[in-house]
Amino acid sequence: MAKTFEIRWHGRGGQGTVTAAKVLADACLSGGRYVQAFPEYGPERAGAPLRAYNRISDHVIRMYCPVLHPHVISIADATLIDGVNVTDGAQDDTIFLVNTSKDPEKIREKLNAKPGQKVFTIDASKIAMDCIGRPLPNASMLGAISKATGIIDMDTLLENVKKSFGKKFAQKIIDGNLEATKRGYEEVKEG
Amino acid sequence: MGKIFAVTGNEAVAEALRQINPDVCAAYPITPATDLMQRFSGFISDGKVDTEMVLVESEHSAMSACIGAAAAGGRVATATSSQGLALMWEMLFIAAGDRLPIVMPVVNRALSAPLNIHGDHSDSMGARDSGWIQLYSETAQEAYDNAIQAFRIAEHLDIRLPAMVCMDGFIVSHSIERVEYLEDADVKNFVGKYKQVNPLLDLDNPKSYGPLILTDLYHEYKRAQHEVMTKVKNVVLEVAADFEKMTGRKYGLFETYRLEDAEIAIVILSSAAGTTKDIIDEYRDKGIKAGLLKPRMFRPFPFEEVADALKHLKAIAVLDRADSFGGYGPLFSEICGAVMSMNKKPPMINKIYGLGGRDYMPNQAEKVLDELVEIANTGKVNIIKEYIGVRE
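Residue numbers (the numbering used here), protein chains in the order written: chain Y, 1 to 191; chain C, 1001 to 1392.
In short, the hints are calculated from the structure, not lab data.
Certain hints may be false.
[What the hints assert, rightly or not] Keeping only pairs whose Cα atoms sit at most 27 Å apart, straight-line, the calculated DSSO-like set for lysine-lysine is:
(1) 126/Y with 172/Y
(2) 1048/C with 168/Y
(3) 1380/C with 1286/C
(4) 1233/C with 1286/C
(5) 3/Y with 1003/C
(6) 163/Y with 1231/C
(7) 168/Y with 110/Y
(8) 1231/C with 1311/C
(9) 167/Y with 1233/C
(10) 189/Y with 126/Y
(11) 147/Y with 106/Y
(12) 1048/C with 3/Y
(13) 3/Y with 1286/C
(14) 1048/C with 167/Y
(15) 1245/C with 1003/C
(16) 1048/C with 1233/C
(17) 162/Y with 114/Y
(18) 1250/C with 3/Y
(19) 1289/C with 1250/C
(20) 1193/C with 1245/C
(21) 1195/C with 1207/C
(22) 114/Y with 189/Y
(23) 3/Y with 1367/C
(24) 1286/C with 1311/C
(25) 1367/C with 1345/C
(26) 1286/C with 1222/C
(27) 162/Y with 1003/C
(28) 1003/C with 163/Y
(29) 168/Y with 1003/C
(30) 167/Y with 126/Y
(31) 1048/C with 162/Y
Just chain C, with the same shape it has in the complex (with noise of 0.2 Å):
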């Protein structure tokens, strides 16, 4: 049993952060993820950790940095938002293409135009093709809870894969709430000593990362990327397996709430699932059989397994923090394609969301739920994409 603490979102993350004690790590400010690293590096000032922290002019030379880091082969972490993510975009590629394990945390922001520094999941949403695992996070415990698993996950013998780990920028990230923190040798016995594989600096034995591939191996070593993102799934149940023994806390690749019996649903990520999970509780006591999935693995998306979870339902709606323009959002493009695997589909809607930090109020689930019920009844969905809690 760790230590109870009032923290934010960022304080708990930047505390996961001082008891992994990363080799490197290479950050550039921003709103609102600024606050954890800059807690982060009092650590280093404070001789609590032994990081090497380089501070650089852009996230785009931070991400360059960690990248540079990981291939020496140092356990390498950074942190950022919004724009800063988005600047990161190209480097993204390449962490992931070299097969670097490099553990970020993203306190999930809007992105500009209008500028808005509030929380949506615009900026994750945006690098989900960069071949990174996201983890979401719906609460300051998970996103702490999460930090610690990633390394585990991402620096995993079968994966060696950079993780992000996603919590909503201001509504976790700087809300304080109550915080189980696990003893800090419990820690580094969780997350073990770094393994190295294929160090730069090994100057024996030298090899080079990043080299032109053409026409003729791009393709394949594409496939070996996808490859490995296949194994991601079975590492995030063991690593959660390992972390329940030692915590309690039960971890999956998703979250189901009264779902079983469940005859319409809400598909949700993060920390409008908390909120979504009390009016379901009040549906309930009016008789009607709400439930929630909430992913926790973004990337690798779970198919199989949220289609299993979903096959019974009558009706379902998916609640996007992020659109993607002309198309429908993101979380409801995944679950159409698991959705796609079974013989009966259920009819569902999808709903954009708290956009730039527009708060997702108890009204607004309910209003959905209603819908869910008047679409179970008839099986007729009126329209299938729609914003909600616009204001008039």
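With the rest of the complex left out, here is chain Y (with noise of 0.2 Å):
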């Protein structure tokens, strides 16, 4: 079976963690790749608990279900880790990418994270807040994605960003969303 790069997603309703997925494959299209970006269905209230996935793979990817065993779990919301199961399924060497201002080695404590497992932290809440002045993580935390994983270049992903955020905002938000991307790339920590 063909290698396929898998990452999951936890988020909250209304945080953009989904559109993060559908940017992320936009961007991995590139280079004849094959991409899947697709959230878990369910009551869809800002707020609550959501999972979403990406595949990316160079053969075309046929499984059709939720990821099982990622090889990156992005957390947009730190709270989730008390809350939700956030480390299933993962592999020994899967990266973690959580959204918090608090230290990587706090958050690989709290994660439980084994010694083959890389943890990354990113404050991405408040880089949303300096950059478009609202507390939506998505553009960060895929900046932060590219440094922590490569699995996608940064000229890409700002091109896709732009595209994404293009089609329904303004100029100022498009701006604030590329710089927020840029902050998540430089920013990233690890421990």
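Bring the two chains, given one by one in their own frames, into a single complex with the hints.
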């Protein structure tokens, strides 16, 4: 079977987590790759915990079910660590990315991460407040994913953030999200 | 070579409809098909198509308006799901009986009660006897390709029957994946100009649709409908051959995967076939000769060809994403019909999976394959019909 790179997102309704998965899929299309992005559809209430998924592969993706053993677990809201089993199905070398102001060492402890698992943190909500004035962490989470995984280069990612946000928002919001994406890349910390 | 996008199944089929630019579209929103028609009506508002959109108060009216528009002489499309398709039920038979080549994407969704918006095949399986052609799609790409081919098939002068293009609700309709779009001109050229047959709007030659026919000729009328269904197969293959010439993408009556030298096989429709293929590869790596058959054309059902493809097997599992309560799953019944013609009938089991969008997980396919290995070894079937993926 072809090696497929799989990501699981944990977020809350209204945070832009599903949009993040979509933008990442769009960006990863480059270079002839195959992609999937899909949320787990629930009652879709703002603030309710949700999961979304990405698959990225050099080969046709045939699997149509939730990701069971993610290579990356991206947590857009750190309070979910207490309420949801975010480590479910993690592999020995899974990369965790958490939106928090706390140090990665603290989060590593909280997640009870194994030695081979990498833990990255990014204060994505603060960056979002600085850049767009609202606590929507998705753009800087994407920048951080680019740095932490190398799955997508920043130029392609920025181009797709611009394209995706450009459909709906004013130039100020687009610029803010581009800035947030760059800061996500620059400010992500490993512990 | 067309352009590649990351889009949802709904987006892809809406794009196909934009490229085809039907004359009339009458629709009523229902999850998960809403998003498809919403995108298409966006194309109308933006002037990208000149389709006349008829907004109606129910799906029964939507299909009624489609029937009227098609009888008038227009190329007509709509889309629906679940309760919407159920509400169309009486009009479906009229569209087929009047031989109106309406094309309808069906975004498969469970039926109430209990209320559920997620994907299973209960809706389109409920319409299997309505006289419509049914094509099932595994991926967004297949849904897009099938939608384009469906117009050619439905409108073929030997056929003139309505066609449903089915894709799994949410699993495909709302998931983003890689889809290659054809050029607008290629699609237009492929579907061709619409040819009117007995249009009501030809006022110089008045005619009537749906007259009363009693015991004198109704039976013969239905016999003719049966007859035309027997011709669909060749048209589907002919259209698929042309489509392959244009795109390189091969379609048939069904798809087989590692089936030629297989000893055991799973027969399954739509998106779950993809997941099953990955598990079949794992079993092949373990030395187990597993294969798959995925019907594309469910109505008319290609009994002879399916029988020929399955005849060498030692055990077959048919997985249904719909149930016929008190009977076997609808796909299983058809496979039984196909197997009936074989001299040596392989043992078969029927599994009901994934109702109301319950995820079809790799371990479900694994369990089924393990059971097939056992059946192939012993020749014994314990339970013919069983639900899988049930929470304990």
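Hints and how they fare:
no.: 1; hint: 126/Y with 172/Y; result: holds, 18 Å
no.: 2; hint: 1048/C with 168/Y; result: holds, 19 Å
no.: 3; hint: 1380/C with 1286/C; result: holds, 23 Å
no.: 4; hint: 1233/C with 1286/C; result: violated, 37 Å
no.: 5; hint: 3/Y with 1003/C; result: holds, 25 Å
no.: 6; hint: 163/Y with 1231/C; result: violated, 47 Å
no.: 7; hint: 168/Y with 110/Y; result: violated, 37 Å
no.: 8; hint: 1231/C with 1311/C; result: holds, 24 Å
no.: 9; hint: 167/Y with 1233/C; result: violated, 43 Å
no.: 10; hint: 189/Y with 126/Y; result: holds, 14 Å
no.: 11; hint: 147/Y with 106/Y; result: holds, 20 Å
no.: 12; hint: 1048/C with 3/Y; result: violated, 40 Å
no.: 13; hint: 3/Y with 1286/C; result: holds, 18 Å
no.: 14; hint: 1048/C with 167/Y; result: holds, 17 Å
no.: 15; hint: 1245/C with 1003/C; result: holds, 17 Å
no.: 16; hint: 1048/C with 1233/C; result: violated, 34 Å
no.: 17; hint: 162/Y with 114/Y; result: violated, 36 Å
no.: 18; hint: 1250/C with 3/Y; result: holds, 25 Å
no.: 19; hint: 1289/C with 1250/C; result: holds, 24 Å
no.: 20; hint: 1193/C with 1245/C; result: holds, 20 Å
no.: 21; hint: 1195/C with 1207/C; result: holds, 17 Å
no.: 22; hint: 114/Y with 189/Y; result: holds, 18 Å
no.: 23; hint: 3/Y with 1367/C; result: holds, 23 Å
no.: 24; hint: 1286/C with 1311/C; result: holds, 24 Å
no.: 25; hint: 1367/C with 1345/C; result: holds, 23 Å
no.: 26; hint: 1286/C with 1222/C; result: violated, 51 Å
no.: 27; hint: 162/Y with 1003/C; result: holds, 20 Å
no.: 28; hint: 1003/C with 163/Y; result: holds, 17 Å
no.: 29; hint: 168/Y with 1003/C; result: holds, 23 Å
no.: 30; hint: 167/Y with 126/Y; result: holds, 25 Å
no.: 31; hint: 1048/C with 162/Y; result: holds, 24 Å
Hints 4, 6, 7, 9, 12, 16, 17 and 26 from the earlier list are contradicted by this structure; the remaining hints agree with it.
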